[in-house]
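Q: For reference, the chains in residue letters:
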Amino acid sequence: MTTIDLGLPSIGGLDGVPTTDDKQSAKDYKSDQEVRWCPGCGDYAVLAAVQSFMPTLGLKRENIVFVSGIGCSSRFPYYMDTYGVHSIHGRAPAFATGLAVSRPDLSVWVVTGDGDALSIGGNHLIHSLRRNVNLKILLFNNRIYGLTKGQYSPTSETGKITKSTPMGSLDNPFNPVSLALGAEATFVARAIDSDRKQLTEVLGAAAAHRGTALVEIYQNCPIFNDGAFDVLKEAGERERRIIPLRHGQPIRFGARDGSAGSGDEGGEYGVTRDPNTGSLQVRKVTEVGESALVVHDASLADPSYAFALSRLTDTTLAHTVTGVFRSVDRSTYDDAARAQVQEAKDSRPADLQALINGKDTWTVAG
Amino acid sequence: MSVDLGNDASAGETGIRKLDRVVIRFAGDSGDGMQLTGDRFTSEAAAFGNDLATLPNFPAEIRAPQGTLPGVSSFQLHFADYDILTPGDRPDVLVAMNPAALKANVGDLPAGGILIVNTDEFTKRNLTKVGYDANPLEGDSLEAFSVHEVAMATLTQGALTETGLGKKDAERCKNMFALGLLSWMYHRPTEGTERFLREKFAKNTAIAEANVLAFRAGWNYGETTEAFAVTYEVAPAKLASGTYRQITGNTALAYGIVAAGQRSGLPVLLGTYPITPASDILHELSKHKNFGVTTLQAEDEIAGIGAALGASYGGALGMTTTSGPGIALKSETIGLAVMTELPLVIIDVQRGGPSTGLPTKTEQADLLQAMFGRNGEAPVPIVAPRSPADCFAVLIDAVRIALTYRTPVLVLSDGAIANGSEPWLIPDVTTLPDLSVTFATEPNAPDGSGEFWPYLRDPQTLARPWAVPGTPGLQHRIGGLEKQDGRGSISYDGDNHDKMVRLRAAKIAGITVPDVEVDDPSGDATVLALGWGSTFGPIGAAARRVRAGGGSIATAHLRHLNPLPANLGEVLRRYQRVVIPEMNLGQLAMILRATYLVDAISYTKVAGLPFKAEELQGVFTDIIEGGAL
Ligand code: SF4
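Just so you know, the sequences run in chain order A and B. Each residue of the first sequence is one higher than the one before, counting from 268 in our numbering. Each residue of the second sequence is one higher than the one before, counting from 177 in our numbering.
Same shape as in the complex, but just chain B (with noise of 0.2 Å):
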């Protein structure tokens, strides 16, 4: 297998190329359509069998200042003959459709990179707009880069002329006419674009046919004109044997909140309100009411989630959705389905923070909040996706635990996952695991009496019976107070309480979680490398460039927070040192300190993008060498 290290296998006689990878980042005006093209280009990438992964980045205004800094938006691609684990540190190919992109975008761009620029946009005026003194395509300041000026918006408008379409609906389909270009540069199939651009504006036939020409026009003008001496190759990648599909975070939570719905056999009902990054799980959900799914979009982030609980209560499936801010409003209400012990699942897609925050950039400082959120002793377990692709297995796992320990669960995605793609390996869905229940329906009372004792735990699990409105002779009252200990009434006794609060902890520690899987090649390693959620691709490929280079390091990433995998005292004494990779101040850090005196590295960023694969390989160099951070 290749290393995550060039790009450069060989080179072809023909002008083509051979790459074992690529990484393109498209940026532009938030008005560019940059989102758009790069997921276009994403759609090729995957029917071509490429291994890919991708980082959207845009601004949380829905139009800033047109052609201003603030206004960028900008969608990297990586894609590969092989499996790769991120979206790429710095980009091979830069695509700037105007100055502001350029200006915000080239400082990443290594020497010798490839740099298209859209010339029609740089006009004095939108020089002087990013604070440009003078025409960068003029002086020598990107004399670094393989540098390709194309009027854009020029040769859009030329190759859409005898449409009739007006200047304005023409010029904006450009960057279908960037796309059709790398779509060229890369020999990346065209059918799908086309239909794509078919379907999507079925509405408004002329326009389809004006973006499929001007992608045709793109890909054409790479092909007659000389200035791209080169083309490039990047082979299919030999993943494991299956079916593949390309797959965002957002879209596996959705996916396997209808499979979990499915597969426990009951109704699900989503109570939720919209917040960024985590409004697609519900635009997702709501396609999918035939199978049974409800989704209520209620009148704020406290209602959601007690729509949800309420719908537990009733024997469904109730799950809400949120980002970090929302958690924060929906706490009671978690801290009321802890105390009632009824299933429920909370998806919280985290963003920068604190308060608002970074609302469309990516960070996992929810990690104590969703530990500790609570007044009282209120614990909840707790897992995280460490990929796209990764979220529809979690989300599943999340409602195995909500329902067999009766439970909210949280699960903690990020921005990075939620709008991030890679190729998924579609399972088949019957081998999902059985989710169903069993409702409570007799009389459980120990001492004979017929009556039914709601806080009766399973000896097993420590749950306790979900008895469901409906079922006659268990009518019960439950609610936020303390319960006496298995009759379930209302109890403000000391001791019971004591008791209780320690029955409560004792069941989410005694969930049964998977033992922490450490990757050592070697077998060598005094050095371990320990992630959770979407640091695992940075983590992954910086220890194979440290691997590449000679050096020797673990690796291991933890799926559940909360319980801990049994085993992972033992793994993390096993190493001399212990580093742990974080967006957020050393959150993870923090517990592992105190749950097992482990003196682990922290190491961390909160810069609202993940970590590069480059930063950690010398981060993970320097620790291995015996420096401390």
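If we strip away everything but chain A, and leave its shape as in the complex, we get (with noise of 0.2 Å):
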């Protein structure tokens, strides 16, 4: 299993859950149902990565639960041969919150998209990500609604021609990075369906966070927005678009350039402070040189830096972060709720005759 070692306290968001000897594979992972999502979904990657995945866990299948909403990406858990649940639109948190609070021994995993979690979804999202409940989120981000024939979603860019907007979608769009940080998010991160490597990376990651996990994966539509992400996976524009964080390492990105003599991790561009206004900003290395980058922490207690990289990216993907913005640690609301209950059990008895009995009782003779 990769995962990024971020020197945190060493109980786990596995810890609890039973894990197997057992050799598993991706096809383990294979639930009997024929998938039907349209030819060419970015679906069908995430899928296979997270299908790949989850046996590098070691875990029980029994103990392992995939919840979503409504959507396309929300049929995901009948695809896992786990437990799932298909529950209702944009309500996928609320339910794996009971279901996490009451049962440590699980690991939970919500799959949900633009519209489930952001539109009708919002509210519970932003409130489990502050609870901190121990739940991975995976956010597909297609920018598009699929399920209802594509309408224009709340992280659609604005002026977005579609079939309930043919003058142009007229709203802001979400920055869900920036929206989960905003809620102090304990782990958000970002991938693309596309690039199994760094996606299993930082699913990796996510599972190994005591806490609410947002993952992020930019997915094509090819039916409804097709190729809303081209830019981020065209050979040429994709090394100078995206960005990809390493924790502990600068922040630099771009085509290699061998002959500037910077290495295996050179790129022409990084990412560098304002000293003025704080905000980051993308220079070209040449000019700025290599020590006044960045250096990648995802542990900084203060959100605002994860929040700056995420302004990083805007609707046009003219560069786009990607990797572990933020993974601190902070106490999960489950774990704090079931010490709350062992804390009561242990101080008092559970005699429900001197309950129900209360204080003041008087006895009516036979």
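Warning: the hint list may mix true and false statements.
[What the hints assert, rightly or not] So these bits of chain A aren't anywhere near chain B, every CB distance computed over 12 Å:
{"hint": "1", "residue": "Lys294"}
{"hint": "2", "residue": "Arg463"}
{"hint": "3", "residue": "Glu501"}
{"hint": "4", "residue": "Val555"}
[What the hints assert, rightly or not] Okay, derived cross-link-like pairs now, EDC-like style, lysine to aspartate or glutamate, Cα gap no bigger than 16 Å in a straight line:
{"hint": "5", "chain 1": "A", "residue 1": "Lys626", "chain 2": "B", "residue 2": "Glu367"}
{"hint": "6", "chain 1": "A", "residue 1": "Lys626", "chain 2": "B", "residue 2": "Glu460"}
{"hint": "7", "chain 1": "B", "residue 1": "Lys781", "chain 2": "B", "residue 2": "Glu791"}
{"hint": "8", "chain 1": "B", "residue 1": "Lys279", "chain 2": "B", "residue 2": "Asp316"}
{"hint": "9", "chain 1": "B", "residue 1": "Lys675", "chain 2": "B", "residue 2": "Glu553"}
{"hint": "10", "chain 1": "B", "residue 1": "Lys463", "chain 2": "A", "residue 2": "Asp613"}
{"hint": "11", "chain 1": "A", "residue 1": "Lys626", "chain 2": "B", "residue 2": "Glu375"}
{"hint": "12", "chain 1": "A", "residue 1": "Lys551", "chain 2": "A", "residue 2": "Glu506"}
{"hint": "13", "chain 1": "B", "residue 1": "Lys279", "chain 2": "B", "residue 2": "Asp309"}
{"hint": "14", "chain 1": "A", "residue 1": "Lys327", "chain 2": "A", "residue 2": "Asp289"}
{"hint": "15", "chain 1": "A", "residue 1": "Lys327", "chain 2": "A", "residue 2": "Asp348"}
{"hint": "16", "chain 1": "A", "residue 1": "Lys626", "chain 2": "B", "residue 2": "Glu370"}
{"hint": "17", "chain 1": "B", "residue 1": "Lys463", "chain 2": "A", "residue 2": "Glu610"}
{"hint": "18", "chain 1": "A", "residue 1": "Lys430", "chain 2": "A", "residue 2": "Asp493"}
{"hint": "19", "chain 1": "A", "residue 1": "Lys416", "chain 2": "A", "residue 2": "Asp493"}
{"hint": "20", "chain 1": "B", "residue 1": "Lys463", "chain 2": "A", "residue 2": "Asp289"}
{"hint": "21", "chain 1": "A", "residue 1": "Lys294", "chain 2": "A", "residue 2": "Asp348"}
{"hint": "22", "chain 1": "A", "residue 1": "Lys297", "chain 2": "B", "residue 2": "Glu627"}
{"hint": "23", "chain 1": "B", "residue 1": "Lys279", "chain 2": "B", "residue 2": "Glu319"}
{"hint": "24", "chain 1": "B", "residue 1": "Lys194", "chain 2": "B", "residue 2": "Glu409"}
Simulated from the structure, these hints should not be mistaken for lab results. The structure displayed is predicted, hence computed values, not measured ones. Ideal Cβ positions, reconstructed from N, Cα and C, are used throughout, including at glycine.
Combine the two chains into a complex, taking the hints into account.
A: Next up, the structure:
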């Protein structure tokens, strides 16, 4: 399993979930249901990545639950041979919260989309992030409503022409990573459906995190919003747009320029901090020098830095930051809720008769 | 047994009169502590062994403008030496702490009633505020009553001069002065109140002692002044033998939840969102985590029930509490629970609607919402308590149904039950029903494939297996999409859907509920009064009045609204006329007319307060005498 070691306390996201020594393969995680996404849908790649990744966790399959809302991506649980619930539109985090609070022995995954998580379910999303319930939320962002056949979504770029917006959409989109950081999420990451390697790395880090982990996955919908992320996939474009984050390393990207003698980690561009405003910006490394680059630290308690990173991405995808933005340790709601129950159990016996009798009784003789 | 007619049983010679029952109403400004005063008098009556019933009535605003009519808060208490059914139609004694309280309540006081007035508040300014041109204490408008003018604030301040308490703090103790005076008048025990005050204000002993002093000053005022010529005694009630306590509906529901968790052996998760008048269930439950109860105050109503259903899916006892507006928000998740066939209990403490309506007033207009308020054919069992103490048993019955039939169950309480209180014959917990469940552990496919079929039903109950995550080999997927019968895979087949809709309906229709019992002491009644929920008290009290006057009437009360008791149709057909009083516009009547083609007479009122026994007596008498409404 690939994880990013952030030097956090030893209690991990999977502590308490029973493991197995049985060898598992991706095939073990495929259910008998026929997968019914459109041909070429980005969901296939994510499903395959997750099915290949799950065996690396070494968990008992019966202790894994996938919970989803409504939308194309929310069919996901049907295709995983684990426990699964296809709940209602936007409410998967609520359902998963109750499940996670009452069952510490489960690894609970939420699969959602941009409409499900950010529109109808926006409230539940921010509150699960705030509470920091031990959930792993995979947010498939295709910037469109697929299942209802092509209306604009809360991540569609302003001016989007769709069936419901023939003259262009009017509203400003959410940046899901910024939103999650605004809710003080303890773990926020972004990956792209087509980059299996990075997606797998991010899934590993999310699984290891104790608390709510939000992973935004850019996912192509070839039917209603084809090519939305193509610029991030084309050779030549990809390198100068994607800013990959690696904990503890300078943030540097772009075409490798061997002649500059910058080594394997090099790249034409880097991220620097404006000393006046504190905001982050993309600069040519040759202009600012390598020492000016920001060294990525996902463990900063203050979310402002991660937020500034998230602002380097906009809907034009001129730049897109990927990887783990933030991964910090904070008490989780479910652990704390169980601790309260345990504390109460330890301090007072569960005497039902005494409880219902209360303090003031009187007796009527027969 | 006495009947619920008068209150003048006998007059003693020593200035002590024996009564069989009394109704007292404490009324004041919302800041005057009338609810606390009423609660304490209730506890004294309970400790003394009277039967009792209470009706708190308070504004929706936390602090409505002081001294105004909308700011009036009252607490009515009925206590007796026999088993009573209602908080009483009209007070025998009205305590009015200010002109607003007098104006808002004096209309309910019958001629000859006792009126105790706190004169200190009858200033020109306060009188004008509520539209009194002249001081009613000075004219003859209160002539019909036995009026006692007591300067409660002044007397309280006087009693507390030694304490060094500020004037304002001292004056705030005047409700305890009133309580002391009434406690003296009715020979109530006082130790309980003194102990209570010392505990309540344990953090501030000066305030605790001031309250105790004010309480005693009220008592002494009665004893030493000669303003009150008579005092009254109401003997303990001869209730069924056993140990009793006083309990409100919301507390009884909370205890029922704890008990259901213990008797099922399942952890309890209450997912909820604060709403009047249901929040006290959350408050109470959150104190009892030592019973393995988790309380989750969610971000909204939808998340509350979502978390509860998620917990149920994981094998816990999922619960949610709300009022009518919350049910509207929870409807979609109730539908998901119907579709996924998971146990879940939803408590609706009904209040005046629609929309925000009358948050602190009672109503029972959510019945049709509970029956039908979801998309598609989504049947849900419904149970309704008839009184505060009944809530405990009803909740346990709701859990029995939820666990046995793997279904969401709606409990319909209401504001009057939630905040009202009465004596409760405390059950021996070892005699409570066994609610233990069996989770699925093995593959069950009838074709021997070794697969697990999540929708293979128990032939008896039609319930599907409850296979919780963590069970090896039973991994399966459920959700809101239609399922193939048995196997449980997604199915869009029309015939299968038709079959599943009918199976879900048959499962709920087949739930075992006890027969409805008819009370017809004379055996020759031709009119049946049928009710559900909190109309139990007024219907019963009205029937007693009818019978005491020589008339015959049968009564029956429904705890189970869905499914209805199997014998109900036969019972309805036995009577020439059936009258159904409801605090809505005839919702049960509509269901019964449709189900049994019975020409039921609907009598309805939605005024935010329970029916009065006198009013229903008139209705019943009219019908018995052949009149139609
Ligand atoms: S509509 Fe788009 S997102 Fe939905 S399955 Fe088809 S391609 Fe995938």
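Q: Taking the shortest Cβ-to-Cβ distance between Glu501 (chain A) and chain B, state whether it exceeds 12 Å.
A: It holds; Glu501 (chain A) is separated from chain B by about 37 Å at its closest Cβ, greater than 12 Å.
Q: Taken at face value, is the distance from the CA of Asp613 (chain A) to the CA of Lys463 (chain B) at most 16 Å?
A: holds, 14 Å
Q: Need the status of pair Lys416 (chain A), Asp493 (chain A): alpha-carbon distance at most 16 Å?
A: holds, 13 Å
Q: Run the distance test for Lys279 (chain B) versus Asp316 (chain B): straight-line Cα separation, threshold 16 Å.
A: holds, 15 Å
Q: Below or equal to 16 Å on CA atoms is what counts here, so check Lys463 (chain B) against Asp289 (chain A).
A: violated, 44 Å
Q: CA of Lys626 (chain A) to CA of Glu460 (chain B), is that 16 Å or under?
A: holds, 15 Å
Q: If I take the minimum Cβ distance from Lys294 (chain A) to any residue of chain B, is it greater than 12 Å?
A: Check passes; 14 Å lies beyond 12 Å.
Q: Between the alpha carbons of Lys551 (chain A) and Glu506 (chain A), is the straight-line distance 16 Å or under?
A: Within the cut-off at roughly 13 Å; holds.
Q: Holds or violated: are the alpha carbons of Lys279 (chain B) and Glu319 (chain B) at most 16 Å from each other?
A: Satisfied, since the Cα-Cα distance of roughly 15 Å is no more than 16 Å.
Q: Does Asp348 (chain A) lie within 16 Å of Lys327 (chain A) when you go C-alpha to C-alpha?
A: holds, 12 Å
Q: Mind checking the alpha carbons of Lys626 (chain A) and Glu375 (chain B) for me, to see if they're no more than 16 Å apart?
A: holds, 12 Å
Q: Are the Cα atoms of Lys781 (chain B) and Glu791 (chain B) separated by 16 Å or less?
A: holds, 11 Å
Against the hints set out earlier in the document, a violation occurs for number 20 only.
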